[in-house]
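Engineer: Make the complex out of the two chains shown on their own, each in a separate frame, by following the hints.
Just so you know, the sequences run in chain order A and B. When you line the first sequence up against the numbering used here, it's residues 1 to 110, in that order. When you line the second sequence up against the numbering used here, it's residues 1 to 268, in that order.
By construction, these hints were calculated from the structure, which means they are not laboratory data. Hints are supplied without guarantee of correctness; some may be wrong.
For lysine to aspartate or glutamate, the following DMTMM-like pairs were computed, each having C-alpha atoms within a straight-line distance of at most 25 Å [stated by the list, open to error]: (1) K129(B) - E70(B); (2) K24(A) - D85(B); (3) K103(A) - D55(B).
All values derive from a computational prediction rather than experimental measurement.
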Amino acid sequence: MAKNVKPRVKVPKTAAKGEIIEIKTLISHKMESGQRKDNKTGEKIPRMIINKFTCTYNGVEVFSADWHPAISTNPYMAFNTVATESGTLEFTWVDDEGSTYTKSAKITVQ
Amino acid sequence: MRWRPIAVVLGFGLFIGAYGAVLAQGDGKMAKYFVGDLRTGYTFATPETQAIQDDDFANPAFLWVDYAVELWEDPSGDAGKACSDCHGAAEDTMKGVGARYPVYNAELGKPINLEQRINKCRVDNMQAKAWKYESRELLGMTAYVKSQSRGMPVQVQIDGPMAPFYEKGKAFYFQRRGQLDMACANCHEGNAGNMIRANLLSQGQSNGFPLYRLKWQKLGSLHRRFRGCNKQVRAAPYGYGSDEYVNLELFVANRGMGLPVETPGVRM
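Next up, chain B with everything else stripped away, as it sits in the complex (with noise of 0.2 Å):
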């Protein structure tokens, strides 16, 4: 029976694999970036990258929430107000807030994310000029809004008015696009650990945005990332705030539900 000691080896070789698995998922500080089936983009990052974001003062993307507290309390635009004249303190009013975003936005028709309220807040309310995405303003107050929400879990709506926006989304998701003929699904379903060229795959998750990539050297949008994607397939990308990535962010939020908001998140 020379067969008896290879299937020994082989099983004990997927006892330590299954082992090793559970180990790292109920490692004490890791497990809250497990859910279920779902991990977030902490879990693909080197140790080192995983450290600067669990030290607040060492993550440079507060640099852009600091002067994004600066900005809560900064009357501009011409009625006058500031963010805090009606919202108070952000610590408690935006609590939850960035987790349920993209939302329903009944006067437009159609789901807006976090980046498109806050200017909306501004030039309806505050009677100022939108800010541009990518700048340091709306990244920095994305991130200051979001981040009230750490550690509570992605819930987002997807029924009612939100149905047609979150199956555009999905059909854009898994939609073939570029010279190289690849949907999303096609690198973030099932390859998630697994390398493209010198690239480590994640799931593609969103709970970490705005975030800091080391690459960017600066805090950058999920859009930001959607459009790196595209381009990286040779696809025309959208715009910044185009419905079509709002619809997209709508159906990943959803993806990733009940993982915990990690903004601002570091990642390579």
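Okay, chain A solo, but in the shape it has when bound (with noise of 0.2 Å):
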């Protein structure tokens, strides 16, 4: 498990039926390239950052995302969708090394 890695999620706490929410995630993650060479050793820094992202809404895939080298520290992502019913949504993140992190949210369906 990297040091100090923290998902944050903000979802709508309620909604109406069929409305368009927006979806906020921020995760603090190194994110180390794999590009990068040590200043002292001149060795290379081996890559380390989170490859995928998912959003599930009671089970079901509505977001994911695959990501590359070139995405910053502390990724954050923004999505919308549609609320459906009341729920839960799944926030999974999984890095190089195959740790995953995750978080959920509770929204209420009007």
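Structural biologist: Encoded structure:
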């Protein structure tokens, strides 16, 4: 597990049925690109980035993204989805080590 | 009379220019970042960077602030006390504190900045180890405390016992140094808005520090910024928390007197 990785998500608590909602996510991660060298030893620093982000809504995948080395440190991701039913949104980030970071948020659809 | 159209065009140009400046300052959202002739670094940032600062969720500096919220309640050190045991809720007790630092410390006989105040509290009252400069803990706690003063005007004391230190800070600001033989003032007085090679110069205001700089990809202190500037003019930088930089911090804070505290800011 990489150090100090902490996901944050922002999902509206309530929404009307059929409403388009904005979801914001931010995770602290160093996102080492694999293209840098150690200043002292000259050795390559191995790549260590989050390469996959997924969001599921009551178990159904509504958004996913493959990330590559140009994504910055502490990546921020915002996207929209349609509020269909009350339930839970699950967010998953997977990095090169295979570590998985998750966070969930509840939404009530009226 | 061939000069007339030119004069008219020139006059119209001046009018448009002046109108543009007024518009930029008077524009609702931006107005609070202009105080008289002073402008915060926010006004020099691109709209994209400003948008990150405007949204506390998107602002990555809050990763550090959130961590400091936990530390506030965490009793560390031999005294078994947390910040909250003496200071209660930071939202109430720390309001306005960040806006008046550096302050004079009678015990040490010199001004100290917020970082040093936090560490002094840790060592003296909590009997804990001082946090390192630029550590996640110290940056986070400084940003957390100072962010309680967001929107409040910067107001530091420069008279009384602070006067000699203010003078030293002022002298530092105008002293040419390094192989490039440049003082802080050479860039930041009268050149704000101009380019220095590929970089846009700001007025060099300190009201947003500690801030998240996109280049650093992390939160950074004002002293890190000072060190960076000193290195760029090929001068040997002073240490983090050195007297020279605290005096300079005092001068710079007073120079931006009245600007709203923006901590934690976001800059490119």
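Engineer: Starting from K103(A), check that the Cα of D55(B) is at most 25 Å away, please.
Structural biologist: Measuring from Cα to Cα gives roughly 20 Å; hence the hint holds.
Engineer: Hint check: K24(A) vs D85(B), CA-CA at most 25 Å. Holds or violated?
Structural biologist: 34 Å, violated
Engineer: For a C-alpha distance cap of 25 Å, please report whether K129(B) and E70(B) respect it.
Structural biologist: Within the cut-off at roughly 17 Å; holds.
The structure fails hint 2 only (numbered hints given earlier).
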